[in-house]
Amino acid sequence: MAIRIGDQPYEGRVKAGVDNTFMREAVSSAQGRFRSGKQKSSEELGNWEDWRTLGEEIRSHTLENIDYYLHQLSDKVEERGGHVYFAETAEEANTYIQGIVKKKNAKKVVKSKSMVTEEIGLNEALEEAGTEIVETDLGEWILQMDEDPPSHIVTPALHKNKEQIRDSFRDKKGYEKTDKPEELAAFARQELRKDFLSADVGITGCNFAVAESGAVTLVTNEGNARLVTSLPDTQVSVMGMERLVPTWEDLEVLVGLLTRSAVGQNLTSYVTSIIGSKLEEEVDGPEEYHLVIVDNGRSKILGTEFQSALHCIRCAACINVCPVYRHVGGHAYGSVYPGPIGAVLTPLLDGYEDHKELPYASSLCAACTEACPVKIPLHEHLIRHRQIIVEEEKKSPQTEKIMMKGFAKWASSPAAYKLSEKMARTSLKPWTKEETIEKGPGPLKGWTDVRDFPAPAEQSFRKWFKDRKKGEDS
Amino acid sequence: MTIKNRDSFLNNLAANLGRPRRTESVERPAYSVSPQKEAWKDATSEELLEVFKEQSIKMSAEVEETTEENLPSLIRDLIVREGNSVIAAGGERNDLYGLTEMYEELESRIGEVHIYDSALGKENQVIAERADVGVTFSDVTLAESGTVTLFNDKDNGRSISLLPKTYIAIVPESTIVPRMTQSMQVLREKEKSETEKTPSCVSFITGPSNSADIEMIKIVGVHGPVKAIYVIVRDS
Amino acid sequence: MKVSLFITCLSDLITPKVGQHTVELLEKAGCDVDFPESQTCCGQPAFNSGYLQEAKQAMKQTIRAFQHADYVVGPSGSCVGMLKEYPKAFEEERAWYVEAKKLAAKSYEVTDFLVNVLNVTDTGSTFKGTVTYHPSCHMTRVLGVKEAPRKLLENVKGAEVIDLPEAEDCCGFGGTFAVKNSVISGEMVKEKSRHVSETKAEYLVGGDMGCLLNIEGRMRREGKNVKVVHITEILNAQEG
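Protein chains in written order, with my numbering: chain A, 52 to 525; chain B, 36 to 271; chain C, -19 to 220.
Don't read these hints as lab results, they were simulated from the structure.
Honestly, I wouldn't trust all of these hints.
Which stretches of chain A does chain C cover? Using the computed rule of at least three CB atoms under 8 Å from a CB of chain C, they are [to be verified]: (1) 286 to 300; (2) 344 to 356; (3) 431 to 442.
From the structure, some residues in chain B lie toward chain A, with a derived Cβ separation under 7 Å [what the hints assert, rightly or not]: (4) Ile38; (5) Gly53; (6) Leu84; (7) Leu131; (8) Tyr132; (9) Thr135; (10) Ser228; (11) Thr230; (12) Ser246.
Distance ranges between label pairs, derived from CB positions [unchecked claim]: (13) C:Gly203 / A:Ser525: 42 to 48 Å; (14) A:Gly181 / B:Glu140: 50 to 56 Å; (15) B:Val68 / A:Lys224: 17 to 23 Å; (16) A:Asp197 / B:Ser67: 32 to 38 Å; (17) A:Asp197 / C:Tyr77: 34 to 40 Å; (18) C:Glu182 / A:Lys351: 50 to 56 Å; (19) A:Gln90 / C:Ser177: 55 to 61 Å; (20) B:Pro55 / A:Pro492: 56 to 62 Å; (21) A:Arg244 / B:Arg116: 20 to 26 Å; (22) A:Gln90 / C:Tyr77: 34 to 40 Å; (23) B:Gly156 / A:Glu178: 27 to 33 Å; (24) C:Ser177 / B:Gln220: 26 to 32 Å; (25) B:Val68 / A:Ser249: 44 to 50 Å; (26) A:Glu523 / C:Glu182: 45 to 51 Å.
Here a beta-carbon is modelled for each residue, glycine too, at the ideal position from N, C-alpha and C.
My request is simple: use the sequences and hints to build the entire structure.
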């Protein structure tokens, strides 16, 4: 699975989302919980706006000097016994990791949740090489069983209900108990423990790498990332190249913003920083450690007006407030990165051709921009994307182009505008009944598919104002 | 150890940023705000202790409070209550707090008492996996989030606080600091130190393991411990 | 004080009442209101759809229309918010940039202008009924006007203001979004309509006609009889 998910066109994906009642209820209630949790924990912290400012400044400084900090990070990891591989493409990253797995003759790989490995399609690449991959995050394990892509970047199986999960466990793993989440989770614990203990290689993502120390930090609640980094003899961490901070002190600020924004917790149950391979005399931890730093299209964003999109810390705060996401769910975006950040990032990483609808999948309500803990101007990026689609990519519909040309003529000429004062009402007359249009023509159709439109007024405001003035003067 | 493809990769980044590659003298700027220094600035140690307790309970940890004198018996009672086997981190604090003796005595009462011993290699993991209880000290304790911090090393293996069903963290009162900010200062000092090495793993642990991946319902105890008990040892 | 009314094309052509109330409110507050006739549309429909060049033509016309105004006041958070975006769009056209900055600096949404420039928090109106307020997204998040409309509403005699659940959620209007992504927009406005019904208020009030036409259109389609009014109508209402 690479960044693109599913093969349905956009309209079909939206319809499937809107028609999925369970998913929509689940998303809606999850958003409610996420939002109140975030609000509570950020209020408790106090000075939330200052924290956002600091977060933004740290991210901005880091990205401006990303070559310096990646250099420092790689030196540190090497110093601590690790191997560092810089991968420009998904293929390079996958081939390198395949190489490790083959060299170790690994039968089983355990993985903790990682969006970047979804993005590069690592699991498929390793399966091709004949290795068993076990996703160990509960949500990801469920999805892997059903060969279903994630629909949310923090809670990937948000779209599934417990009955569906029970059935999958039963059909695929011989589960015999009920659909109680406690029982389902206990079963997962018991099954996955065996995998952790028998795995040859552990693979993690990376929430933040610390340049000054080489520490790769993983943020989880389940503890699976700790198991992945403690038990197998070989460990690989895969990081998007922008997921780093200069120092331990910067790490703390961003981890706090992440856990509060993502799950409304002051900290998650486990925040684990791993530095290179285990030290001499240590038992737990990997003997061999690899850090794979992935570009896969990110470098093209550097130095452009979209650079701040690389500040993203993958907290999903924008997703959790997005009304569009609430109604269509994650799969409708057709990308492993859904929601507002997905609509901004996906066309940048994977081109406009397959994702040209995404920047328009927003009412520009700016709830995302307001929620972002590192102040990415998400809705402004969406507008900029639209400009590029129209003016550079020339991918907007022909009828729209004609309409917008007409709009420009109308709005730039007071005389043309004045004509429309009467024209608007007259031309809509055939569709008007009792001052209401229920089935509008042309561009009005989309509107009147779901709601009424009022007939234009008999007398415009400017006419009223003029008459009033005349009355006063005479 | 190897670093591969670094130069071409980083040169490309510098080129996209429209400037020569930076390999030295990058300074972190003075950020315009520093809320992390304001937080809990005036809190007394007594207040921090209360915040720690409150937050820990909120995060589903069980909190006990004791004196140095009573620590060994309390730990013993908790171990016995929670099961029939224990794995505990090694190190000098066991002697300092009178735990070594207690563990020795406990051996005759329950199925297995194991002090983590790196000389035994992977056997430690096997023991941790079957142990009912794991016990470690907290190195730095964060009040704001109810978090214990472990600098994992050869005596305090990662698996002790991870594989057993119940995890007991001993929290000397003196280790309690306001928040992560202070623990990071400790790590930065280690980073800059000539003599000390930063640990290979720093574990921030807040309560037992949990998940909300099924219908957003919080379940306690997924991959890590099902139960977390923090034992605060008041300064004498 | 001389104030130039920025009517917005929507209110000019579809809901002229809003302009009438705005004029009367401003006059009552002691303003001398004029109406620059060469104004058209602020350009937002084109701008938000990605047609920057087309939008700029409308924007230039708007800049010209209000060149001589002291204050520009409009009954829409969204359209006034658009005026504030002008400078960014003209960053590379020096002469227009300067003018755009001037326009942005002197433009106000009407409730913001009443409260924060004229220091009016009570318009002396009486309006009998239960009302619920929808704070439109651009008014609150782009323009940053959150308190002014609420403050004014609280001081309307006879009106009982009921909190709208999930008030800050978008109604699904989004300009061309409502047409281009009508399925999603439809789901959003259905949700908003549901929240309005939950309040059992007789009136839904807001500061942006785009959003209000959207919600009203949906509620009519659902056969609901909640009356939808622009905030200026309530603030300008007299007993009887």
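If you test the structure against every hint from before, which numbers come out violated? Structure breaks hints 1, 2, 6, 7, 8, 9, 10, 11, 15, 16, 17, 19, 24 and 26.
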